[in-house]
Amino acid sequence: MERLLVLRLDSIGVIAEAQLNGVPLARSGPTAGAVTVPIHEYTLSGANELQLVIQPPPPGQAGAPAPLLSDGQRGASLRLLLPRIGQLAHPENARTLAQIDWAPVAGEVTEVPATLRQTVDLPIAFPRWRWFDAPVVPEPQALVAQAASYLQGLALGLARGDPEPLVLAARLRFEELAQAYQRNLADDVGRLRVQVLRLHAQAPLQPPMPKADALLLRPLAGGRLLECLTPDGQLPALHSPVAGGGRIAWPVRLAVIEGRFYVIR
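Numbering-wise, the sequence shown is residues 1 to 265 according to the working numbering.
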């Protein structure tokens, strides 16, 4: 792909989260730094909703309002960038399509969590992704037990070193990601198969079996997607320790259509 549409999030002195069309895509910490992520699979033709959240609560929690006194050194910035062909995804080498800044002066008090919003019309033709037309789930918690049972089948496959249950479940995601980034579908599927087989050969994968009392379903995109997380919201529900230390995770965002789960993202 010659040009890659990306979202860049910068923050200092605060935690910040960037959302696109109701989907959290990046989070940065209080130490000065930047996070850059490609966003084609969450971008729509026409109007797109950007949100910059200051001091977001942990995933799945509402977060109690609290005053934050600025020392003049805190700030955050969200940019939607279209880098020039062959250039790094940096504001100096890209066309800025949208930007949200938060930089309170010293002595200013902000109630956090605080959300800044902007709607941007993009002159780029994206497909109409399936997640956008997925039904809204009005009560995600009513589906926790059913979702846990569904995820257990995927976790069991991983525990056996068998990537096929996850490959089959994520077929729609593979198809749309290949389309979004003009990649070869077979290559993407092959990479997941190789990853699972290689890790399991090094040390048997040991994903915890998802349970109804240990599963958080976080509604995204206005309730069209359900992100499957551990109860504290810090890890995807599908994860495992790997040889040599560390942990591998397989993010799962479900759509629910006519009572069936589909891994769309």
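Hints were generated in silico from the structure; no laboratory data involved. Predicted model only: the values in this text are computed from it and were never measured. The C-beta atom is built at its ideal place from N, Cα and C for all residues, glycine as well. The reader is advised that the hints may include incorrect statements.
Simulated restraints, written as ranges between beta carbons of each label pair [claimed, not checked]:
| id | residue 1 | residue 2 | range |
| --- | --- | --- | --- |
| 1 | Leu177 | Gly222 | 19 to 27 Å |
| 2 | Pro65 | Ile257 | 21 to 29 Å |
| 3 | Gln141 | Leu4 | 33 to 41 Å |
| 4 | Pro67 | Arg193 | 30 to 38 Å |
| 5 | Glu164 | Leu4 | 26 to 34 Å |
Status of the hints after comparison with the structure:
no., hint, verdict
1, Leu177 to Gly222: 19 to 27 Å, "holds, 21 Å"
2, Pro65 to Ile257: 21 to 29 Å, "violated, 36 Å"
3, Gln141 to Leu4: 33 to 41 Å, "holds, 37 Å"
4, Pro67 to Arg193: 30 to 38 Å, "violated, 51 Å"
5, Glu164 to Leu4: 26 to 34 Å, "holds, 30 Å"
Hints 2, 4, counting from the list given before, are not met by this structure.
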